[in-house]
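In order, the protein sequence lines correspond to chains L and P.
The first sequence lines up with residues 1 to 177 when you count with this note's numbering.
The second sequence lines up with residues 1 to 182 when you count with this note's numbering.
If you are wondering where the hints come from, they were derived from the structure by calculation, not from laboratory data.
Note that the structure is a prediction, hence the values are computed from the model and not measured.
From the three backbone atoms N, C-alpha and C, an ideal C-beta is built for every residue, glycine too.
Be aware that a few hints might be false.
In silico SDA-like cross-links for lysine to any residue, where the CA-CA straight-line distance does not exceed 25 Å [as the list claims (entries may be wrong)]:
no.: 1; chain 1: P; residue 1: K177; chain 2: L; residue 2: P35
no.: 2; chain 1: P; residue 1: K90; chain 2: P; residue 2: R67
no.: 3; chain 1: P; residue 1: K127; chain 2: L; residue 2: Y72
no.: 4; chain 1: P; residue 1: K124; chain 2: L; residue 2: Y72
no.: 5; chain 1: P; residue 1: K90; chain 2: P; residue 2: E120
no.: 6; chain 1: P; residue 1: K173; chain 2: P; residue 2: F115
no.: 7; chain 1: L; residue 1: K17; chain 2: P; residue 2: D49
no.: 8; chain 1: P; residue 1: K177; chain 2: L; residue 2: P31
no.: 9; chain 1: P; residue 1: K90; chain 2: L; residue 2: K17
no.: 10; chain 1: P; residue 1: K71; chain 2: P; residue 2: D46
From the structure, some residues in chain P lie toward chain L, with a derived Cβ separation under 7 Å [what the hints assert, rightly or not]:
no.: 11; residue: R28
no.: 12; residue: Q31
no.: 13; residue: Q53
no.: 14; residue: I57
no.: 15; residue: N62
no.: 16; residue: F115
no.: 17; residue: G118
no.: 18; residue: I121
no.: 19; residue: Q122
no.: 20; residue: L125
no.: 21; residue: Y150
no.: 22; residue: V172
no.: 23; residue: Y178
no.: 24; residue: L179
no.: 25; residue: Y182
Computed beta-carbon distance windows for the label pairs [stated by the list, open to error]:
no.: 26; chain 1: P; residue 1: K177; chain 2: L; residue 2: S88; range: 49 to 59 Å
no.: 27; chain 1: P; residue 1: N158; chain 2: L; residue 2: I45; range: 28 to 38 Å
no.: 28; chain 1: L; residue 1: Y72; chain 2: P; residue 2: L130; range: 36 to 46 Å
no.: 29; chain 1: L; residue 1: I45; chain 2: P; residue 2: D64; range: 20 to 30 Å
no.: 30; chain 1: P; residue 1: N158; chain 2: L; residue 2: Y72; range: 26 to 36 Å
no.: 31; chain 1: P; residue 1: D50; chain 2: L; residue 2: L19; range: 15 to 25 Å
no.: 32; chain 1: P; residue 1: N18; chain 2: L; residue 2: N22; range: 47 to 57 Å
no.: 33; chain 1: L; residue 1: D40; chain 2: P; residue 2: N82; range: 47 to 57 Å
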Amino acid sequence: MYSKKHINNKDESQNLKDLAPNLSEINRKNPFIVPDDYFDKLPSIIQQRCNEKTGKTSWTKKINFILRPQYYVSISLAVIVIAFILISKHNSNTQKILIASNNIEYYTRFLTDEDILEIGDFDEEILTETLVNETNSNEEISYISENTDYKNISADDIINYLSEEDNNNIDDIINEF
Amino acid sequence: MNNYSDKELLELFHKKDNKNYAFNLLVRKYQKQIYWHIRKIVINHDDADDIVQNTFIKIWKNLDKFREDSKLYTWMYRIATNEAISFINKNRIKSLLSFTDFESYFSKSFTDDNFFTGNEIQKKLQKAILKLPQKQRIIFNMRYFDEIKYKEMSEILNTSIGALKASYHIAVKKIKKYLTEY
């Protein structure tokens with residue numbers, strides 16, 4: 001009696017004959033061949049490759065992998081997109097600065113120096129303190145004194161300046177000196 | 001002659017000292033089946049040679065992790081199929097970028113390849129098989145030439161038996177039509 005496998009195979013080959021007679025008549029012999037001794041040498045070639053020190057991929061291999069042709073297009077596109085974004089950002093910042101500076105000029109062109117100082121709420125105390133703390137070298141002091149035009153500062157200027165300070169009594173100052 | 005069963009080869013492989021020896025036996029046992037399976041997919045001997053080596057290297061690297069929830073042979077066949085498909089897909093992308101026709105690459109292999117000795121009708125059959133979609137071509141080769149059971153094929157290709165049978169049936173009809181027309 002035929003086994004189930006035999007019957008199934010027979011069914012299928014019969015099916016093939018019915019379905020595609022020309023196909024069923026073609027010799028199923030393998031039409032491909034290999035070089036002589038190919039299968040004799042293959043195991044040792046494979047073993048050798050398996051036993052090679054895999055370790056870390058060398059940098060040349062990494063570069064060669066990246067430089068494969070199929071990556072040229074995608075890398076080029078990526079570079080173009082990144083360049084476009086950076087240029088857009090830079091232009092945007094430059095424009096903002098220009099706009100800002102233009103606006104400042106537009107709004108401040110009618111203001112006097114005093115107006116600007118008031119707007120800025122400039123605190124001379126902080127400036128003086130800062131200058132005093134930072135001006136601790138003789139070179140800096142001598143520079144300031146050399147570049148300050150004391151001749152054009154009148155006594156009235158000094159008195160006016162001092163009297164503008166809060167709680168300054170000019171008579172007290174004069175008596176002291 | 002290699003008389004070790006898959007189970008014995010695996011046991012031998014897991015022993016550190018016998019790893020290389022076990023693997024060598026494994027390669028000798030399955031090299032022809034794996035090679036011919038790949039060769040029928042990629043046609044060209046040099047390409048098949050590269051892929052079969054890569055397949056066995058992958059097997060070497062992953063054999064420790066093989067969980068034996070499928071047959072060793074099925075697992076190896078699956079790796080070989082995936083490697084062959086990856087090769088084809090990579091070359092398809094390459095040809096797309098270089099604006100060349102990849103499909104004609106296979107056909108050329110019959111005329112240029114010194115390792116094809118079939119007659120005209122066999123050449124015609126191979127060209128007809130090349131016309132099939134990739135997976136259908138693999139299914140046809142495995143069933144028609146290798147006579148692999150549908151159950152095993154299902155495990156290798158991760159496809160249901162019904163789908164495999166249907167695919168094979170359609171492949172036969174298409175090949176029949178091609179052989180009739182050309």
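Status of each hint after checking the structure:
A threshold of 25 Å between alpha carbons decides the hint, and for K177(P) with P35(L) the separation of about 34 Å lies outside it, so the pair is violated. Under the criterion of a C-alpha separation no larger than 25 Å, the hint pairing K90(P) with R67(P) is inconsistent with the structure, at around 29 Å. At most 25 Å may separate the alpha-carbon atoms for a hinted pair to count; K127(P) and Y72(L) exceed this at roughly 33 Å. Between the alpha carbons of K124(P) and Y72(L) the distance comes to roughly 38 Å, so the proposed pair goes past 25 Å and is violated.
Straight-line distance between C-alpha atoms of K90(P) and E120(P) comes to about 30 Å, which puts the hinted pair past the 25 Å bound. With a CA separation close to 28 Å, the supplied pair K173(P) and F115(P) exceeds the 25 Å bound. For the suggested pair K17(L) and D49(P), the alpha carbons sit about 35 Å apart, so the restraint of at most 25 Å is broken. The straight-line distance between the Cα atoms of K177(P) and P31(L) is roughly 21 Å, inside the 25 Å bound, and the hint therefore holds.
Restraint check for K90(P) and K17(L): not satisfied, since their Cα atoms lie roughly 37 Å apart, outside the 25 Å limit. With a CA separation close to 29 Å, the supplied pair K71(P) and D46(P) exceeds the 25 Å bound. Among the interface hints, the one on R28(P) holds; its C-beta lies about 5 Å from the nearest C-beta in chain L, closer than the 7 Å criterion. Look at Q31(P): its Cβ gets to within about 6 Å of chain L, closer than 7 Å, so that hint holds up.
At its closest, the beta carbon of Q53(P) sits 6 Å from a beta carbon of chain L; the interface hint therefore holds under the 7 Å criterion. The closest approach between the C-beta of I57(P) and any C-beta of chain L is roughly 6 Å, which is under the 7 Å cut-off, so the hint is satisfied. With a least beta-carbon distance of about 12 Å to chain L, the hint placing N62(P) at the interface is violated under the 7 Å criterion. With a least beta-carbon distance of about 5 Å to chain L, the hint placing F115(P) at the interface is held under the 7 Å criterion.
Annotation: G118(P) was flagged as interfacial toward chain L, and the flag holds, the nearest CB pair being 3 Å apart, inside 7 Å. The criterion of a C-beta within 7 Å of any C-beta in chain L is met by I121(P), whose closest approach is roughly 6 Å, and the hint holds. Hint status for Q122(P): holds, given a least beta-carbon distance of 5 Å to chain L, under 7 Å. For L125(P), the interface hint holds, the least distance from its beta-carbon to any beta-carbon of chain L being 6 Å, beneath 7 Å.
For Y150(P), the interface hint is violated, since its Cβ never comes within 7 Å of a Cβ in chain L; the closest pair sits about 10 Å apart. Because the smallest distance between the Cβ of V172(P) and any Cβ of chain L comes to about 5 Å, under 7 Å, the interface hint for this residue holds. For Y178(P), the interface hint is violated, the least distance from its beta-carbon to any beta-carbon of chain L being 10 Å, above 7 Å. Interface hint at L179(P): satisfied, since its Cβ lies 5 Å from the closest Cβ of chain L, which is below the 7 Å cut-off.
With its C-beta approaching chain L no nearer than about 11 Å, Y182(P) sits outside the 7 Å limit, and its interface hint is violated. Roughly 56 Å separates the CB atoms of K177(P) and S88(L), a value that falls within the hinted 49 to 59 Å. As the Cβ distance of N158(P) to I45(L) is approximately 30 Å, the hint placing it in 28 to 38 Å holds. A C-beta distance of roughly 29 Å is found between Y72(L) and L130(P), which places it outside the suggested range of 36 to 46 Å.
In this structure the supplied range 20 to 30 Å holds for I45(L) paired with D64(P), their Cβ-Cβ distance being about 22 Å. Distance hint check for N158(P) and Y72(L): the Cβ-Cβ separation is about 34 Å, which falls inside the suggested range of 26 to 36 Å. Taking 15 to 25 Å as the suggested C-beta distance range, the pair D50(P) and L19(L) does not conform, at roughly 36 Å. Distance hint check for N18(P) and N22(L): the Cβ-Cβ separation is about 51 Å, which falls inside the suggested range of 47 to 57 Å.
At roughly 27 Å, the beta-carbon separation of D40(L) and N82(P) lies outside the given 47 to 57 Å, and the hint is violated.
The structure is inconsistent with the numbered hints 1, 2, 3, 4, 5, 6, 7, 9, 10, 15, 21, 23, 25, 28, 31 and 33, although it conforms to all the rest.
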